[in-house]
Amino acid sequence: MTNSVYGIALSGLNAARSGLATTSNNIANANTVGYNRQQVIQQARPSFGSDIGYIGQGVDIESVQRVYSEFLNAQEQKATSEYAFFNAKYSQISRVDGLIADDTSGLSSALSDFFSAAQTLSTSPGDLPARQNFLSAADSLAGRFNSLNAVLDDLRAATNLQVKDTVTQINDVTGQIAELNDRIVAVKSQDFNSGAPNDLMDKRDALIKQLAEQVQVTRVNMDDGSVNLFLGNGQPLVVKTNAFKVSTEVDPQDPKNLLVGTTQVVNGQNRLITLDPSTLGKGALAGYLSFRETELAEYQNTVGLMAARIGEAVNTVQQAGVDLDGNAGQALFAFGTGSLVSGVSRVVPNTANSTTNPTTVSMRSIDLSKVSAVDYEVTIVGGQPQYRVQGSGSPFTAATLVNDPGGDYYEIRDSSNAPILSFQLSNASPQNGDTFTLMPTRDAAQNMRMALSKPNEVAASSTTNASVGNNENIKAINALQNQRTLFQSNGAAGVSISDAFNQLVSKVGNKARELKVSTESREVLLNQVVETRDALSGVNMDEEAANLLKYQQAYQAAGRVISLSKEMFEQILQIF
Amino acid sequence: MAINRVSTNQYFRLTTERMSKQQSELIKIQGQLATGQRVLKPSDDPLAMSTALGAKASQRVIDSFQSNIVYLNNQLGQMDIALGSASDIMVQIKQTMLSAGNATMTPSDREILAQDLEGRLDELRGIANRQDANGNYLFAGTYENQEPYQTPNPPAVTGRFLEQPNATAAAAVEGRSVEVARGRSIDTNITGYQLFTDPASGEDAFEVLRDAISLLRNPGFPNGQEGATPSDTYKKAFDDRRAQLDSIFDQVQLGRTKVGVRLREAETLDQINAAAQTELERVAGEAVGLDYAKAISELSQGQLQLQASQQSFASTSQLSLFSFLK
Numbered sequence: 001m002t003n004s005v006y007g008i009a010l011s012g013l014n015a016a017r018s019g020l021a022t023t024s025n026n027i028a029n030a031n032t033v034g035y036n037r038q039q040v041i042q043q044a045r046p047s048f049g050s051d052i053g054y055i056g057q058g059v060d061i062e063s064v065q066r067v068y069s070e071f072l073n074a075q076e077q078k079a080t081s082e083y084a085f086f087n088a089k090y091s092q093i094s095r096v097d098g099l100i101a102d103d104t105s106g107l108s109s110a111l112s113d114f115f116s117a118a119q120t121l122s123t124s125p126g127d128l129p130a131r132q133n134f135l136s137a138a139d140s141l142a143g144r145f146n147s148l149n150a151v152l153d154d155l156r157a158a159t160n161l162q163v164k165d166t167v168t169q170i171n172d173v174t175g176q177i178a179e180l181n182d183r184i185v186a187v188k189s190q191d192f193n194s195g196a197p198n199d200l201m202d203k204r205d206a207l208i209k210q211l212a213e214q215v216q217v218t219r220v221n222m223d224d225g226s227v228n229l230f231l232g233n234g235q236p237l238v239v240k241t242n243a244f245k246v247s248t249e250v251d252p253q254d255p256k257n258l259l260v261g262t263t264q265v266v267n268g269q270n271r272l273i274t275l276d277p278s279t280l281g282k283g284a285l286a287g288y289l290s291f292r293e294t295e296l297a298e299y300q301n302t303v304g305l306m307a308a309r310i311g312e313a314v315n316t317v318q319q320a321g322v323d324l325d326g327n328a329g330q331a332l333f334a335f336g337t338g339s340l341v342s343g344v345s346r347v348v349p350n351t352a353n354s355t356t357n358p359t360t361v362s363m364r365s366i367d368l369s370k371v372s373a374v375d376y377e378v379t380i381v382g383g384q385p386q387y388r389v390q391g392s393g394s395p396f397t398a399a400t401l402v403n404d405p406g407g408d409y410y411e412i413r414d415s416s417n418a419p420i421l422s423f424q425l426s427n428a429s430p431q432n433g434d435t436f437t438l439m440p441t442r443d444a445a446q447n448m449r450m451a452l453s454k455p456n457e458v459a460a461s462s463t464t465n466a467s468v469g470n471n472e473n474i475k476a477i478n479a480l481q482n483q484r485t486l487f488q489s490n491g492a493a494g495v496s497i498s499d500a501f502n503q504l505v506s507k508v509g510n511k512a513r514e515l516k517v518s519t520e521s522r523e524v525l526l527n528q529v530v531e532t533r534d535a536l537s538g539v540n541m542d543e544e545a546a547n548l549l550k551y552q553q554a555y556q557a558a559g560r561v562i563s564l565s566k567e568m569f570e571q572i573l574q575i576f
Numbered sequence: 001m002a003i004n005r006v007s008t009n010q011y012f013r014l015t016t017e018r019m020s021k022q023q024s025e026l027i028k029i030q031g032q033l034a035t036g037q038r039v040l041k042p043s044d045d046p047l048a049m050s051t052a053l054g055a056k057a058s059q060r061v062i063d064s065f066q067s068n069i070v071y072l073n074n075q076l077g078q079m080d081i082a083l084g085s086a087s088d089i090m091v092q093i094k095q096t097m098l099s100a101g102n103a104t105m106t107p108s109d110r111e112i113l114a115q116d117l118e119g120r121l122d123e124l125r126g127i128a129n130r131q132d133a134n135g136n137y138l139f140a141g142t143y144e145n146q147e148p149y150q151t152p153n154p155p156a157v158t159g160r161f162l163e164q165p166n167a168t169a170a171a172a173v174e175g176r177s178v179e180v181a182r183g184r185s186i187d188t189n190i191t192g193y194q195l196f197t198d199p200a201s202g203e204d205a206f207e208v209l210r211d212a213i214s215l216l217r218n219p220g221f222p223n224g225q226e227g228a229t230p231s232d233t234y235k236k237a238f239d240d241r242r243a244q245l246d247s248i249f250d251q252v253q254l255g256r257t258k259v260g261v262r263l264r265e266a267e268t269l270d271q272i273n274a275a276a277q278t279e280l281e282r283v284a285g286e287a288v289g290l291d292y293a294k295a296i297s298e299l300s301q302g303q304l305q306l307q308a309s310q311q312s313f314a315s316t317s318q319l320s321l322f323s324f325l326k
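Sequence order for the protein chains is A and B.
When the letters of the first sequence are read in order and numbered with this note's numbering, they come out as residues 1 to 576.
When the letters of the second sequence are read in order and numbered with this note's numbering, they come out as residues 1 to 326.
Keep in mind the hints are simulated off the structure, nothing from the lab.
Beta carbons are placed, not taken as given, at the ideal position from N, Cα and C, and that holds for glycine.
Worth double-checking, as some hints may not be accurate.
Straight-line Cα separation of at most 27 Å, DSSO-like style, residue types lysine-lysine; simulated pairs [as the list claims (entries may be wrong)]: (1) 507(A) to 28(B); (2) 28(B) to 78(A); (3) 370(A) to 507(A); (4) 209(A) to 21(B).
Incomplete in silico selection of chain A near chain B, CB under 7 Å [as the list claims (entries may be wrong)]: (5) 98; (6) 101; (7) 104; (8) 220; (9) 542.
Put together the whole structure using the sequences plus the hints.
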């Protein structure tokens with residue numbers, strides 16, 4: 001009998017000691033990221049049946065379990081990706097938000113200064129200092145367009161850097177997850193215990209959460225204890241002990257662009273298959289890419305469109321006038337060194353395009369009064385180009401073929417069938433599946449410059465007679481300031497250049513605000529999930545203190561049982 | 001799921017998060033107070049920001065209108081003064097011409113008058129060729145760098161007026177105007193052609209005066225005899241010159257009136273522009289400016305909240321069962 005009492009007491013001592021160890025471990029890990037509190041699952045040993053009934057045999061420790069909810073964990077993973085996506089976008093847009101309305105970097109004051117200088121020149125059109133002042137103002141206007149574009153380019157570079165960091169983290173984390181998969185599977189396959197390696201699993205869950213911050217993943221739990229992770233488009237990231245790398249590559253066609261994708265073998269060659277932000281779902285990577293390809297592209301195109309449009313309009317007036325030497329006016333603004341069309345636009349072929357049957361696309365004409373701040377995606381289907389607005393997700397439309405003795409070309413037309421732009425293909429039978437991105441006004445703000453060298457060349461006059469005081473033409477330039485037809489896109493009522501800029505500011509502001517609200521609401525959601533998870537799985541010190549007491553008392557009591565049974569045994573011995 | 005269990009970590013995290021939120025709110029208000037602006041970036045209030053930007057752009061446009069008005073006032077003011085002097089001279093010329101009609105004058109009397117008229121002619125030409133501070137000719141229309149009435153060389157040669165002696169062309173070149181309010185331009189100049197040319201004959205004041213002077217010197221008495229009654233041809237010619245000068249005097253008066261009207265309009269527009277400036281200032285201020293009273297009360301409220309959070313954190317974070325375990 002005493003033997004069984006010893007045994008029971010010993011099992012109690014053991015259980016209490018495990019309880020104390022687990023409690024201590026909980027206390028020690030109270031601040032460990034991803035740690036789920038653990039508890040000892042005890043179970044009464046099967047009773048010993050006797051004729052007086054069943055007598056307990058003590059306690060067994062079934063397992064040490066982490067307090068963990070698969071459901072909450074999945075929720076947290078999803079909420080994390082959602083929050084990270086909006087936070088990434090918001091963090092990027094808030095950088096434009098502060099700068100665009102600023103008087104020193106925004107366009108507003110440069111535009112006003114340009115037209116003020118034109119006003120001053122209209123009072124004394126023959127005055128060389130006033131002419132020089134006008135040229136300087138034109139130069140600063142071009143400079144302001146350049147610097148505004150540079151701000152956006154810097155932001156593009158900063159976003160690319162973030163993308164690169166994100167990809168590095170993704171690869172780092174997936175590598176660690178694959179390694180943990182390996183260890184967990186190894187530990188679990190040694191079936192000397194029924195438990196699971198809680199700490200390894202906590203660590204892996206924490207890593208998956210870290211990964212979810214960078215990119216949205218689908219998690220599949222395997223029976224052997226490993227987890228497989230897939231990207232939104234179904235591409236695998238981690239399968240068992242293999243981690244698949246995401247890579248970045250500077251676009252050979254456009255050094256300002258950083259391509260993100262997975263390397264795959266196409267026709268025996270390693271090709272980067274780019275990841276589309278729309279199929280990536282959420283997460284910071286998708287956020288950065290989406291900001292770069294949606295908002296940033298739109299803002300840069302808008303600034304470019306404004307530069308091209310005001311430049312073209314001023315040039316048209318200037319070229320209709322007469323300069324101080326009686327010559328016809330020359331263009332005041334130039335875009336790059338070539339034609340206006342090549343100076344304002346950019347065409348980027350896809351890196352995966354055919355190299356055996358190469359095709360180049362060149363922009364032929366752009367109607368700046370019709371084009372809007374969008375990029376076009378052109379793809380070759382059945383040897384013919386089809387297009388759609390990039391990022392719109394709408395179906396492709398066939399570009400209209402125009403036969404021309406100077407070379408056939410294709411037109412992209414608006415809803416009333418008027419051409420918005422036209423382009424030519426270098427190859428009569430282009431490779432199907434080749435794609436190109438047409439950016440009609442992307443480079444305008446970057447390439448804009450003041451093209452006149454002498455103050456005499458300002459065509460302030462409307463007449464070729466020697467009247468230096470004629471200010472008709474400079475007044476016509478002035479009239480552009482409030483010309484409401486200057487910016488008309490998609491049939492909307494036109495706006496003046498300064499209103500167009502104000503609209504851009506308000507668009508950026510609204511978007512930043514919207515993203516701020518989205519980020520905050522996602523943060524609230526994420527916090528709620530984290531709270532719920534923490535409430536379940538986090539360590540509470542008071543609780544652990546109570547547990548400490550509980551297990552201490554249990555230990556003391558079990559110890560007392562042993563000393564008691566020792567006393568009982570001695571008493572029995574004394575009988576003899 | 002109701003939270004009835006709070007992990008220690010969660011407690012610390014939540015409290016610090018709350019405090020850092022309160023702090024960032026305070027920093028935002030401090031930024032507003034430091035700049036006097038409620039809206040610091042477009043996202044703070046996109047509509048207000050774009051309203052303010054629009055108002056600022058309009059203010060700058062009006063600024064350039066106002067500086068055009070300053071130019072206009074200066075230019076027209078100079079013309080007004082010049083035309084005042086021109087009128088005075090023309091009055092004197094008229095008087096001289098009247099006395100020249102007197103038949104009993106001796107050749108030396110007429111020579112005195114002729115010299116008097118020559119002096120007036122020079123004065124009048126000086127006015128017609130007057131330059132502004134930049135050396136531009138006030139009455140040369142848009143040919144501002146060319147002297148409109150060149151000194152005859154030899155002096156007897158009729159003064160040359162460089163404007164085309166053609167009413168429509170002259171009117172066309174006159175039209176240099178500057179914008180002084182949205183959609184409103186005021187002519188900055190009035191040309192010599194408009195002022196000093198007899199509309200009927202197309203001859204200018206200087207030609208007429210020179211004719212008159214030469215008539216005084218060579219009245220064309222019958223048989224060249226002094227003292228005889230001047231021929232009808234002479235009288236007719238002299239009366240014609242007088243009538244021409246009268247009509248030119250009217251032109252000068254008319255020009256002066258025009259300049260006066262423009263100056264008055266410029267003054268009115270100046271006031272309207274100034275009022276618009278004030279209004280735009282108010283609009284921009286209302287859109288993005290700071291309500292100090294409100295911001296200060298928000299600041300003290302924020303401070304109070306943060307303080308309360310800090311105090312409650314400091315006291316409740318001490319509560320731990322461990323402190324009772326001995």
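Hint check:
1. Taking the CA atoms of residue 507(A) and residue 28(B), the gap is about 22 Å. The hint holds against a cut of 27 Å.
2. Between residue 28(B) and residue 78(A) the alpha-carbon distance is near 31 Å, which puts this suggested pair outside the 27 Å criterion.
3. With a C-alpha separation of about 20 Å, the suggested pairing of residue 370(A) with residue 507(A) holds against the 27 Å cut-off.
4. Distance check on the hinted pair: residue 209(A) and residue 21(B) sit about 24 Å apart at the alpha-carbon level, within 27 Å; holds.
5. The criterion of a C-beta within 7 Å of any C-beta in chain B is met by residue 98(A), whose closest approach is roughly 5 Å, and the hint holds.
6. At about 5 Å, the closest approach between the beta carbon of residue 101(A) and any beta carbon in chain B falls short of 7 Å, and the interface hint on this residue holds.
7. A least Cβ separation of about 13 Å between residue 104(A) and chain B goes past the 7 Å threshold, and the interface hint is therefore violated.
8. Interface hint at residue 220(A): violated, since its Cβ lies 26 Å from the closest Cβ of chain B, which is beyond the 7 Å cut-off.
9. Interface restraint check for residue 542(A): the shortest CB-CB distance to chain B comes to about 4 Å, inside 7 Å, so the restraint holds.
In this structure, the hints that do not hold are numbers 2, 7 and 8, in rising order.
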